[in-house]
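Protein chains in written order, with the numbering used here: chain L, 1 to 458; chain Y, 1 to 458.
Hints in this document: simulated from the structure, not taken from any laboratory.
A few of these clues could be false.
[As the list claims (entries may be wrong)] Computed list of lysine-lysine pairs in DSBU-like fashion (alpha-carbon distance at most 35 Å, straight line):
{"no.": "1", "chain 1": "Y", "residue 1": "141", "chain 2": "L", "residue 2": "318"}
{"no.": "2", "chain 1": "Y", "residue 1": "278", "chain 2": "L", "residue 2": "318"}
{"no.": "3", "chain 1": "Y", "residue 1": "278", "chain 2": "Y", "residue 2": "394"}
{"no.": "4", "chain 1": "Y", "residue 1": "394", "chain 2": "Y", "residue 2": "141"}
{"no.": "5", "chain 1": "Y", "residue 1": "393", "chain 2": "Y", "residue 2": "14"}
{"no.": "6", "chain 1": "L", "residue 1": "141", "chain 2": "L", "residue 2": "318"}
{"no.": "7", "chain 1": "L", "residue 1": "278", "chain 2": "L", "residue 2": "24"}
{"no.": "8", "chain 1": "L", "residue 1": "278", "chain 2": "L", "residue 2": "141"}
{"no.": "9", "chain 1": "Y", "residue 1": "14", "chain 2": "L", "residue 2": "318"}
{"no.": "10", "chain 1": "Y", "residue 1": "141", "chain 2": "Y", "residue 2": "318"}
{"no.": "11", "chain 1": "L", "residue 1": "113", "chain 2": "L", "residue 2": "318"}
{"no.": "12", "chain 1": "Y", "residue 1": "14", "chain 2": "L", "residue 2": "24"}
{"no.": "13", "chain 1": "Y", "residue 1": "14", "chain 2": "Y", "residue 2": "113"}
{"no.": "14", "chain 1": "Y", "residue 1": "318", "chain 2": "Y", "residue 2": "14"}
{"no.": "15", "chain 1": "Y", "residue 1": "318", "chain 2": "L", "residue 2": "278"}
Fair warning: this is a prediction, and the values are worked out from it, not measured in the lab.
The chain contents come next:
Number of protein chains: 2
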Amino acid sequence: MSGNRSAALDYAQKNHARFLEELKALVRIASVSTESQYETQMAAAAAWVADQLRTLGMNDVAVCPTAGHSVVCGEYRCSDPQAPTLLVYGHYDVQPPDPLEQWENPPFEPTVKGDYLFGRGASDMKGQLLAGLKAIESILKTDQLRVNLRFLIEGEEEMGSPNLAAFIAENQHRLQADVALNLDSGILAPDFPSITVSVRGLAYFEIRLYGPASDLHSGTFGGAVHNPAQVLCELIAGMHDAQGRVTLPGFYDRVRPLSEAERAEMARLPLDEAYYLKVTGAPALYGESGYTPAERVGARPTLEVNGLLSGYTGEGSKTVLPAYAMAKISCRLVPDQDPAEVYQQLLDYLNAHAPRTVRWEVVQHAGSPAAMIALDRAELTALSQAMEQVWGKKPLYKREGGSIPVVAQLQQIMGMPTILCGFGLPDDNLHAPNERLHLPTWQRGIETLIHFFYNLTS
Amino acid sequence: MSGNRSAALDYAQKNHARFLEELKALVRIASVSTESQYETQMAAAAAWVADQLRTLGMNDVAVCPTAGHSVVCGEYRCSDPQAPTLLVYGHYDVQPPDPLEQWENPPFEPTVKGDYLFGRGASDMKGQLLAGLKAIESILKTDQLRVNLRFLIEGEEEMGSPNLAAFIAENQHRLQADVALNLDSGILAPDFPSITVSVRGLAYFEIRLYGPASDLHSGTFGGAVHNPAQVLCELIAGMHDAQGRVTLPGFYDRVRPLSEAERAEMARLPLDEAYYLKVTGAPALYGESGYTPAERVGARPTLEVNGLLSGYTGEGSKTVLPAYAMAKISCRLVPDQDPAEVYQQLLDYLNAHAPRTVRWEVVQHAGSPAAMIALDRAELTALSQAMEQVWGKKPLYKREGGSIPVVAQLQQIMGMPTILCGFGLPDDNLHAPNERLHLPTWQRGIETLIHFFYNLTS
Chain L
1 MSGNRSAALD YAQKNHARFL EELKALVRIA SVSTESQYET QMAAAAAWVA
51 DQLRTLGMND VAVCPTAGHS VVCGEYRCSD PQAPTLLVYG HYDVQPPDPL
101 EQWENPPFEP TVKGDYLFGR GASDMKGQLL AGLKAIESIL KTDQLRVNLR
151 FLIEGEEEMG SPNLAAFIAE NQHRLQADVA LNLDSGILAP DFPSITVSVR
201 GLAYFEIRLY GPASDLHSGT FGGAVHNPAQ VLCELIAGMH DAQGRVTLPG
251 FYDRVRPLSE AERAEMARLP LDEAYYLKVT GAPALYGESG YTPAERVGAR
301 PTLEVNGLLS GYTGEGSKTV LPAYAMAKIS CRLVPDQDPA EVYQQLLDYL
351 NAHAPRTVRW EVVQHAGSPA AMIALDRAEL TALSQAMEQV WGKKPLYKRE
401 GGSIPVVAQL QQIMGMPTIL CGFGLPDDNL HAPNERLHLP TWQRGIETLI
451 HFFYNLTS
Chain Y
1 MSGNRSAALD YAQKNHARFL EELKALVRIA SVSTESQYET QMAAAAAWVA
51 DQLRTLGMND VAVCPTAGHS VVCGEYRCSD PQAPTLLVYG HYDVQPPDPL
101 EQWENPPFEP TVKGDYLFGR GASDMKGQLL AGLKAIESIL KTDQLRVNLR
151 FLIEGEEEMG SPNLAAFIAE NQHRLQADVA LNLDSGILAP DFPSITVSVR
201 GLAYFEIRLY GPASDLHSGT FGGAVHNPAQ VLCELIAGMH DAQGRVTLPG
251 FYDRVRPLSE AERAEMARLP LDEAYYLKVT GAPALYGESG YTPAERVGAR
301 PTLEVNGLLS GYTGEGSKTV LPAYAMAKIS CRLVPDQDPA EVYQQLLDYL
351 NAHAPRTVRW EVVQHAGSPA AMIALDRAEL TALSQAMEQV WGKKPLYKRE
401 GGSIPVVAQL QQIMGMPTIL CGFGLPDDNL HAPNERLHLP TWQRGIETLI
451 HFFYNLTS
């Protein structure tokens, strides 16, 4: 280990107590983005982050207005003209604290108990954001940072980032980088380092079926008219085959197959059937034949019914033959599926299978492709080595089943890949009462990021 | 024609104008049963009907309280110990008049225009009820009535008769009769006399499916867990085969086949494909192979989806994998299906087809068997002959697709069959603005009922 790297690590250890006090100061700011009563606190949190960046010596720090909550930007230019550039992504907003009565300590009065800091946002993601900033501080105070940095710290992640795509599109000049470092992620367990290497895409649709001109009496007309709710069920039932595969024509054509090496890697994840049964509470598992649950969630595309509505759904009975039936359907996509193509595949399916007894239409709600970091990319290797340097074992590569809008937006708008990095834990109570941060893991996270910055240029 | 019968018919013709004035008086009473603001008018209508019965010379006339609106009872005992006994059924309540702005005349200010009397309840069923009472008056004023009568005139038909079954069960002694004469029916067209000889039964269920313990994120878990909304669609899709037949095991075992004579009779009904397309506005018709639309609605059982609900059904998108899915399903039954057996058939189907990835339950909401009058029954022949005597042509026998609670209740509680008789027309705007009564048909109805009473004992 080079002397300077070791000085930075020493600095991080010696300053742990102060880092924690600064994190507590940030957690005390109730920056709930979804409720207007917290507006002052949102502005205070943005200002706090901007001050941190200025204190670190970042340039051009600015709190940039959007149609919603502000985005904090800034940058660091190192002296080496060959240095890589990273776009550090984070968010300063947090989930609402409800239900308040279930918190053992007030959500915005951060409290240390044993190895944990309790408080709303401690893990998601004020702790993760500060791990990044404190790693940078540790290097800058003891050495030179040989990486260019740009910052994109938004305030609307917990609202679904409604104004972020527009902000990225209009501010590409100040965001340009080789790769984004998204700090809003986690690892599998305190002794189980892992890196999320892909997120699935999303193609969300609403199918609307129209039968008779208005709701009919099911006695007077039942038997002579096709019931749109029945037709909807038949169409949806046909969207999976007996092997649990999606039947939209061409759905799997672009799906990148899993290599044997990737399957072996995924088999090492602690995500077996028993795990999925326990966390979901489902009576039994289900999925595409020939794949493990972790592969089905991480590396295979799906089609889910997110909502169904037709006819009378109140208490008791009403003998209506509905005029209308609606389903919300969404597909999770994997590389290299294209949301626009999946939309066309759904239309093809309906054109082929919808009977002429109904009219139908499809509304598109959202679409984003999957994103996967190239497994041989230098930044990924640098992060993997950093984890091994801290934990003493290689991290597992994990594929995430969900979709992260900013990852897809940076890819789509700027062609920028993302490295997902973060040290949250599955039992941190994200979005729930008694959210907490595991402090030993947090400290390892800071150390991992110090190693990462050094590995990038060594 | 016997001299006395002809005197009764003469009386009915000569008194037409007064009969109409009395009907207008009854229509003026806004007896809307579903809204509490009309409570006084409901009591006034019951009193009006009771006064009519007393004026006719009926005995033991009483306005009998129930948990809801009152039932008017009364009886007539003729001197002939061999005379048959009829239970005359009607209702004095009407539908709400909304939307008021679409009425050309105020709904409770009865107005004659051309051949029609306009007003809420003119056809459904104050006109039909008075046709019965005025036929009785015409005979009693000119001759002797050789039939025993009992009356059951309820005030909650437009609410679904919630208190009628209890009333019938507790008052069997005052309702006992050979057959019920239900005046709440209609004919196909002014020149198309018809008699409804059957109504379908009903078996109404709610199917509830439970998958994961709570709603899941469709990204984090989609692919590894069976989606209850998808399972529900698959189960419902399997409830019909490609011929439009219901697949519940044993569903058709007790269905009484249509005889060739009945099919020929039904083929004469003006209920062809063009008719059903026009009145439903459906893009195309549908139904069980091998049957006409009229047969599918009148003489074949069905299974309809009355409601579907699962997951997120609001605006836009939410990426939820629902924990729960619900369908309301009802079967229309024909003789000799048994609602309890159909419930068991549904359980058998679900036991055979529901996957072990979900838990399920079925709630029963309502059940009543179909009712059909024996086609060789003397009272039916008497009514058919009466129509032929008035119209100069035989009426068609029609099977009604809907269910009439009181018909099933009298059958179930007292074993009493029902003759359905009435002279409403399909374009009377029942339950709609500008409800109307076709006065020439109404007069023929009074004459038909006079003939009917004579035919019963001749």
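Cross-check of the supplied hints:
{"no.": "1", "hint": "Y/141 / L/318", "result": "violated (45 Å)"}
{"no.": "2", "hint": "Y/278 / L/318", "result": "holds (24 Å)"}
{"no.": "3", "hint": "Y/278 / Y/394", "result": "holds (27 Å)"}
{"no.": "4", "hint": "Y/394 / Y/141", "result": "holds (29 Å)"}
{"no.": "5", "hint": "Y/393 / Y/14", "result": "holds (25 Å)"}
{"no.": "6", "hint": "L/141 / L/318", "result": "violated (72 Å)"}
{"no.": "7", "hint": "L/278 / L/24", "result": "holds (33 Å)"}
{"no.": "8", "hint": "L/278 / L/141", "result": "violated (46 Å)"}
{"no.": "9", "hint": "Y/14 / L/318", "result": "violated (45 Å)"}
{"no.": "10", "hint": "Y/141 / Y/318", "result": "violated (72 Å)"}
{"no.": "11", "hint": "L/113 / L/318", "result": "violated (55 Å)"}
{"no.": "12", "hint": "Y/14 / L/24", "result": "violated (97 Å)"}
{"no.": "13", "hint": "Y/14 / Y/113", "result": "holds (21 Å)"}
{"no.": "14", "hint": "Y/318 / Y/14", "result": "violated (70 Å)"}
{"no.": "15", "hint": "Y/318 / L/278", "result": "holds (24 Å)"}
Hint compliance for this structure: hints 1, 6, 8, 9, 10, 11, 12 and 14 are broken, all remaining hints hold.
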